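The residues making up each chain are set out below.
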Amino acid sequence: MSSRVTAKQKSEYYYLKCVLEQEENGTIKYIVLERVKLKSLIVNALKQLHGLVGAAITVDVLKCEKTSGEIILRVKSSDLIKLRSSLTILNNYNGTPCRCNVKQVSPYLMSLAADSRAWSPVEVRGKQSRYYEQS
Amino acid sequence: MVRLKSRYLLMEIRFEDGLVDQSLSSSTVYHDILRSVENTYGDYGFGCIKMSFKVKYVNPFTGVVFVKCSRDYYRMLWHAVTFLKEVNGRQCSMNTLHLAGTINSCQRFLVKHNKKQLRKMLAQCKTPAEKGKISKMLKQLPSAKSMEDEKKKRQGDLALKHLTG
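Note that the protein sequences, when read in sequence, are chains Z and R.
Following this note's numbering, the numbering of the first sequence begins with 58 at its first residue and continues without gaps.
Following this note's numbering, the numbering of the second sequence begins with 28 at its first residue and continues without gaps.
In isolation and in its complexed conformation, chain R is listed as follows:
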């Protein structure tokens, strides 16, 4: 058996006007990215990418997108995404935050990234109400210690899996 290896890209859509688009769905993102691939890499690139390209998750409020792609051609996808100008008919730019081999590690990165963003937002807060809201959110997040424990446990599991086959 041959395993089909894939890569997951964590991307962020930023609209030009700084607003969010609630009507953003995975199918519109899928078609816009594919069109951009066809534009930059032509029919050949389109064929390569379309084999295993999938939009796994879209969050219209934060603009976060999880994308799955074959490992051989993820660079093509990455390049094409930088040339993307429009999603859902609105001017935007796409920013790749993370590249990973599993969707799980992408998600872990996203949690860390969001934590950082929340801290940044906390520093920029002007009213006490906003400050309270964000600090409440920060408290709800898992602590650094629990995340470290989880990491150790995961590594232990992997090692065990490796030893036992």
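The following block holds chain Z by itself, in its conformation from the complex:
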């Protein structure tokens, strides 16, 4: 028999998957940063929009993927709105314009593992389209 698991309480943390992007010669490139630099960038963005109160928010950088530029952040659920808004407002890195693209937000870390929006019909297997295979 299958069992259903229900989380009754509000989850303590929220997880965000985001990408720092920068435009160079008309193409969008990922910015890959060290953890410390990334954290300082985020704290500065928080301080700009929410002042000292915002700078006091604890944001954990869980992961910095070097290949895809994906960043996974963890934040207390009460501070999610502040972090999300300052990531939206973030527009500058070292004097060059950049943006933070928040791809997924979830109270469960596991749900960041699969992203239905990133799913593509072209399967890697045999480099052929799944639809192509079926027809």
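Calculated directly from the structure, the hints in this document are not laboratory data.
In this text the structure is predicted, and so the values were computed from the model without any measurement.
Incorrect hints may appear among the rest.
Claimed, not checked - Some chain R residues near chain Z, calculated using beta-carbon distances under 10 Å: (1) V64; (2) E65; (3) T67; (4) Y71; (5) G72; (6) Y100; (7) M103; (8) W105; (9) A186.
Glycine is no exception: its CB is placed at the ideal position from the N, C-alpha and C atoms.
Assemble chain R onto chain Z, guided by the hints.
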């Protein structure tokens, strides 16, 4: 029609050296408080507060300030004011004495507060000249009975207003 609700804060500026600043004006207080709001709550807080923030009255001799603020964000203002360190380029601290919905009730509180302060000062007086001056001031103030009457009259007026719409 939607009414814009606001709160009034009665605050007191105390300079570090215990002196008064005669050049204190409402615009300097306004800018210093706003800067403190921007520091503690950033651009967001600045925008929220600036919508309806007003310095209504400043008394440079007693350091009393009346401040008007939108009801939704008065807590932000209150917090920011506690972090204020400098007004007019001098070290000071700001103390919130009273929070009210109307400026009138703030003023009533101030009268009561000043009365208390005068009594305290009377107890601390050293020379008879000082004592005479303060007791003269205390006599000029409205008596407790007249204030009580006024309160009753005001409450009656409010009740009447409520009944008649």
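Task: Interface hint outcome for A186 (chain R) [beta carbon to chain Z under 10 Å] - done: Violated: closest Cβ of chain Z sits about 43 Å from A186 (chain R), beyond 10 Å.
Open item on the list: Given T67 (chain R) as an interface hint, is its Cβ closer than 10 Å to any Cβ of chain Z?
Closed with: The hint holds - T67 (chain R) has a Cβ within 10 Å of chain Z, the shortest such distance being about 5 Å.
Open item on the list: Please check whether W105 (chain R) passes as an interface residue: C-beta within 10 Å of a C-beta belonging to chain Z.
Closed with: Constraint on W105 (chain R) not satisfied, violated at 13 Å.
Open item on the list: Take the shortest C-beta to C-beta distance between G72 (chain R) and chain Z; is it under 10 Å?
Closed with: Where the cut-off is 10 Å and the nearest Cβ of chain Z is about 6 Å from G72 (chain R), the hint holds.
Task: Closest C-beta approach of V64 (chain R) to chain Z relative to 10 Å, hint status - done: 8 Å, holds
Open item on the list: Hint E65 (chain R) vs chain Z: min CB-CB distance below 10 Å?
Closed with: Interface hint status for E65 (chain R): holds (7 Å vs cutoff 10 Å).
TODO: Classify the hint on M103 (chain R) as holds or violated, based on whether any CB of chain Z lies nearer than 10 Å to its CB.
DONE: For M103 (chain R), the interface hint holds, since the closest Cβ of chain Z sits about 9 Å away, which is under 10 Å.
TODO: Go through the hint on Y100 (chain R) and say holds or violated, using the shortest Cβ distance to chain Z against 10 Å.
DONE: The hint is violated - Y100 (chain R) has no Cβ within 10 Å of chain Z, the shortest such distance being about 13 Å.
Task: Proposed interface contact between Y71 (chain R) and chain Z, which counts if any beta carbon pair is under 10 Å - done: 5 Å, holds
Of the numbered hints stated above, those contradicted by the structure are hints 6, 8 and 9, listed in ascending order.
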